[in-house]
Each structure stands twice: as C-alpha cells, then as structure tokens.
Amino acid sequence: MKSRISQVSVGILAAAFFCQAALQRGFIFNQWKQSYSLSKNNEAGLSIGKGLDPLQMVFALAGFREMIAGILWVRADDFFDSGNYDAILPIIRLVTLLDPSEIDVYATGMWHIGYNFTDEEQRSDRRYIPSALALGEEGARNNPDTYELFFETGWIWYHKIDDDYEHAVDWFEKAQKRADMIPARKNLLGMAYQRAGLVEKGLQKYEDLENEALAAYNKNANDFSSRQNRDVIENNIDTMLVRMVQRGYVAELNKRSLEPYDVSPPFDVGFSAKATVVEPNVIKFEGTWNVLPVGTRVRVVLRDQEYTAEVDGKMKDITEPGGMIWDYSGNVNLDPPRDRTFMQDQLFVRNRRFNRKVDMSKDPTMYPFTSDKYLIEFFYDPRSAPPHIQDKFSWNGEGMTDKNFLNTKIRKDTRVVYATLTLTKDQIKRRNEWADKVPVVETSNYKEIDKAVGSDDVIVDIPSLRAGGK
Amino acid sequence: MRPIIAIASTTVGEAIRRRVLLVILLLAIVLLVVAPGLGILSARSETTVLKGMMLGIIQLFSAVIAIVLTVYMIPNEIERRTIYTILSKPVQRWQFLVGKYLGAVAALALMMALMCVVLVVVFIIEHQDLAAVADVLKAPMMYFVQMSLLAAVAIFFSTFVAPLVNFFLTGGLFLLGSLFNPFFQTLQDNASTNPVAKNAAMIVNTILPNFSNYNIQNPIINPNSQIQNEKTYYISITFYGLCYITILLVAGIWVFDRREV
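Those protein sequences? They're chains A and B, same order as listed.
253 is the number that our numbering gives to position 253 of the first sequence; each next residue is one higher, with no gaps.
102 is the number that our numbering gives to position 102 of the second sequence; each next residue is one higher, with no gaps.
For the record, the hints were derived by calculation from the structure and aren't laboratory data.
One or more hints might be untrue.
[To be verified] Derived Cβ-Cβ restraints for the label pairs, each shown as a range:
| # | chain 1 | residue 1 | chain 2 | residue 2 | range |
| --- | --- | --- | --- | --- | --- |
| 1 | B | Thr-232 | A | Asp-312 | 31 to 37 Å |
| 2 | B | Ala-113 | A | Ala-184 | 47 to 53 Å |
| 3 | A | Asn-333 | B | Leu-26 | 44 to 50 Å |
| 4 | A | Phe-18 | B | Leu-27 | 37 to 43 Å |
| 5 | B | Ile-203 | A | Asp-86 | 37 to 43 Å |
| 6 | A | Phe-224 | B | Leu-22 | 56 to 62 Å |
Where a beta carbon is used, it is the ideal one built from N, C-alpha and C, also for glycine.
With the sequences and hints as input, model every part of the structure.
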C-alpha cells in the first residue's frame, strides 16, 4: 500500500513539475516581459540595484519603487542646490529606472545632462549630448501618451544642437500628435519648419494654428490666453509673409527675377581663419567675415581626427562635418567617452572679424587630448542664423557665398561655409619640437587682421527690419 | 476531508490569536492609512506614488505574515507535543499537513482581505474613483496566490528544518524568486551573455519557484501601459502557483511521512 502511495506521489510530483515548467517557459515569462516588466526597453533589469544603498534596495524590491524614486529625487534637489552636478547623474538614472513614468525627472535630466556640464569658460561638454537624447528617447518610449518628452527631445535638437532641424521637426511633429500639447508650444513647430528650410510648411502650420486659435478665441473671447495665442500667431504669420517677400521667396515661386532682393546676388562672406597655439592647450582663433551687423557666430569645433564610438557592438566613426551624429547611441550612458576630446564654441564676429582665445588647459577631463591628431572645423550654417542675418542670407543660405569655403554637400539643401585645419597633439600641448615654437595653422586665404579690412573690400550692411530698413 | 477541515479551522483560530501576527497586521494598516501623506514625494505623480506605496505595503507585510505564520506551525506542534494527540486520532499525516497549510492560507486570506478593505477606503477617500480601485485590487489578488506559494515553501521547509533557519531560507527564496524575471530578462536581452549562464539560469528557473510572475503592479501603477492577454496571464500564473503548491505539499508530505515524530 505504502509503495503504491509513493508511486502516486511521484506521479503527481512529475506531472505538476512538468506543467509548471512548461507554463513558465512557454507563456508566462514572455507575457510578463511584454506587459508587466518595469521597463520594456531592456534598461532596468537588475541594474536598478546599482547605486541604491541596501535598505533602499530592499524597499525597491519590496514594491516601493515609486516611493524610493521620490525620495531620491528630493535628494537630487539638494545636489542641484549645492552645485554637485556629478552626483545627480546616477540619481537621474536610478529614478527613471525605478519609475519610468517620472516625466519631470526625464525632462530635467535631459536638460541637466545636455546643458549643465561645462568647462571653466562655460562651454558645454558635448560628449554628453547623445546621452541626453537617449534619455529623452527612452522617456518618450516609456510615456508615449504625453507630448512632453517628445517636445523636450525636439528642443535639444532645436536649441542645443542647433543645426539639424529635421530631427527637431520630427520630434515636434510627434509631440503635436499628443492630445495634451499646450497650444502656445505648438508655434515652435512653425519656426522649426522654417529653420529646416520648409518655408511653406511653416506658413501652413501657422495658418492651421491660427484657425485653431480663432476657434478657441471665438468659444471664449474673455479668455486671456486664447486671445494672446491668437495675437501671437497672427504676428508670426505677418512676420513670415514679410520675410518671404523680402528674402525673394515669393518672387522665386512666381519665377520672377531676384535681382532687386537682398538675397541676390549671393554675397561673398570672405571667410578666412587662423589658429595659434599660444600656450599649451590654449588656442587663439582669428579670422575674417565680411558682414557688418552684429549677430554672426561662426562655430568652431576642435576634436579628435578619428572620433569613434561603439554602435551596435562595433566601433564606428560618429562624426559629421561641424558636429557629430548626435543620436548614435540608443542607450543612456551617463559616462561619456572620457578619452575623447570634443570642444565646440562660437566665434563672435564684430567689425568683420573674430578673435577668441579658447583655454582648454583648466579642464583636462573634458579635453584629455589623448589622440595624436586633431581637426579644427569652422562651420557656418545660415539656418541657425538670427532672423536679421537670414534676411540677407535667406533660410538656406541662398544669399550667401564664399569664394573658398562654400559647401553645398555636407548639409542637405543648405549652403554652408566649412573649413578645416589640423593640429597635432604635440602642437596643442607645446611639446617636443613645439616647446619653443608657436604652432600656427591658417587657411590659404588668411590675411592678418590689420590688413584684412581694406578700402576695396565690399562690406554688406544688412538693413534691420526693426529699424525700418536703412 | 473532515479532519482536514477541522485542523484548518483550528489553525485559523490559532493564527488570529497570535499577537505577533496581529501587531504586524496593525502596523500594515497604520502604514496604509498614512500612505497618502507621502504623495508629496512626487510633484505630478501623487496617484502613482500612492498606488505603488499601498501595493508595496500589502505585498511586504503579507510576505512577513505568510512566513511568520507558517515557519512555526509544525515545529510548535512537535515542541508542545500536541501533534501526538492529533496523530493518535484517526488522522493521517498528510491530512495534518494539508489541514495546517489550508488553515494558514485561510488566515492569510483574512488578513490580506482586511488590508484590502483599508486600501479601498483610503483610495476612495483620496480619489473617489471606483473603477481605479477595482483595477488596483487585481494586484492583491495575485499577491494572495504568491503568498500561498510562499506559505507552501515555508511549510515544506518546516517539515525538516528549525524555524529560524526556515525563516531565512524561505525569506531568501522569496527575495531570489522575486528577482527571477528581471534577471532573466537582462540575460535574455543582453547579446553578450554567456550561453552557459543563460542555460544555468533556465534550469534554476525551472526548479525554483518564480515569485516575480506575480509582480503585476507596474501597469496598474502606471495605467498608460498596454497589457495583453490579461485574464489568460492571471489564470496561467494561478495554475503555475497551484502546480508548485502541489509539488511542495507532496514533497512535504513525503518528508513528514518519513520523519520520526
């Protein structure tokens, strides 16, 4: 009898064991991963344990993730107040892993990563920007029903990266598909279309928004925000129509001659540049730009000549002229490539010349100079220019040219100015043969500043819209 | 069947009279009542924090109650020698063990139900949203299956180890089992994981009970998440739990049957 009971027991055990194993492996795990996992983007897993003290870890595992996330974010606020920005990074990551619905943490984290890491001269550490974008993408993926993280990611493209407006348009369009998008923020898409060279789409967007704003205003004429929004959009449309005429866009559409317009014939900006290593890791950039009004900023980038990063398990070149493939990384990596150098600054043009000393000697972690060769890039994109400059150069640089450095290939449908120079590590660090010699590299057309402004030079003086023209 | 019901009802009565369990329950209820005050931790996600906090309290305290309730059950009967009185009657050992287990589960159900009542009251006072309450209650239902499985683990160990060892063994297994799915997900999604490690993880997952299947709170706390085959999933994990409970009880009976008492 006893052996029969034993046999039954073993039979029950085997059947139950088989059933649970089949269920777990065949259905439950996949279903859990699809619907119940904390993070569906393969970021969370057990990594939430990194950086939590044991008590927090126990609490997090016990199901108090949202509470722990809240406590951590309160702690991060203290670090913001004390300026301890490095300490905030792991907290941002932990909070977003513990509670992927924390929209404010994603948004603040992106801004913090993208803007707050600077050198002694307030230049951003742009090696962090791919992380900021990846964080925004992850946040948008985890919170697809609200516009906020789509808008914030678009803002990084629009404002921080500031020369790849197609991406900004893409994100702003996604944001506008969300029902909770704030009406006043929708206007930015119209501006992003213009910056991306999509002028008619920009106008169309403003007109659509005007219809929406009028409907909201007619519904409640006493609502201040509806009235203000309507007024802003009408003002935007007025300004845009003036610009379309002034910049010859309408004439071109009607196949009329562009001769009487400011953008025609294209004006030669006469770009030239020189870089002098005045001290170890300190470089003076000088050059010419024949445009008189204030407002021109020429971008200068100094980076490793070979700037690679791991993409899909392989090392790939992630540079593009004047910048980087900013969204190369799909993962949020808060530890940027410490062995890479990427300096980006603006050279402010005054009286048709620029002259700026860039001191990288005080920030060795941001500018490690570990490679042997470095590329200096000078880049001017009229799409990023302020409106009064665009009134002369137009949206895509139609009114701008340069005898030596005009480039129509590196940015789609845009005429940009692009020049490069190279320096070696020894030159930048003033070592070996360069210890007593001053390294100087310059474009072939460079003339010393005091000789550059001659009486024969043609100078463009752009009329200001505000002043009512010349 | 009658002996099983008699033992189970006696066990429920004993559990309700145990002060330590009542203190744990009282603590859980107090925390559930003060939970809305912690909404300030998140400026725009008060409901998220509240739901997460309340479900966390129920899960954590239910686990503690399940372990404390069951680890002492068999050893106490042996220590007090009351088991001899019971087994001298026409009661089989398997009936004794199953009765004890069912009693523990019934007591657990009572205590969890009380916590759920408090949750519902607090949630309705805070949000006046009955539909949301019904949604939130899905998690405690699955926690009940999870805790029944935990109680089965504890009762299985209680047939051959001392209560203190059992406490840590069961608690450790619960913590470990609660990490299984996130851990396997990390292994599976990471292309560079060693295949040997993947296979080892698969074997461990097949042998040990997976408590993380019942952690279904994420889409409940964050309602924007999409859930597929919700009912099928709940039925599957309930059946999975029943299979494991059967395994543990049969194994427990097998050990208990051979033990010198």
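Problem set entry | CB-CB spacing for B:Leu-27 and A:Phe-18 relative to the 37 to 43 Å hint | 41 Å, holds
For this session: Could you see if the CB distance from A:Phe-224 to B:Leu-22 stays within 56 to 62 Å?
Result: Given a distance of about 59 Å, which is inside 56 to 62 Å, the answer is holds.
Exercise. Okay, A:Asn-333 versus B:Leu-26 on CB: inside 44 to 50 Å?
Worked result: Since A:Asn-333 and B:Leu-26 have Cβ atoms about 47 Å apart, the given range 44 to 50 Å holds.
For this session: Look at the Cβ atoms of B:Ile-203 and A:Asp-86 and judge whether their distance stays inside 37 to 43 Å.
Result: 42 Å, holds
For this session: Indicate whether the distance between the beta carbons of B:Thr-232 and A:Asp-312 respects the range 31 to 37 Å.
Result: 35 Å, holds
Problem set entry | Range agreement (Cβ of A:Ala-184 with Cβ of B:Ala-113, hint 47 to 53 Å) | 50 Å, holds
When each numbered hint is compared with the structure, no violation occurs for any of them.
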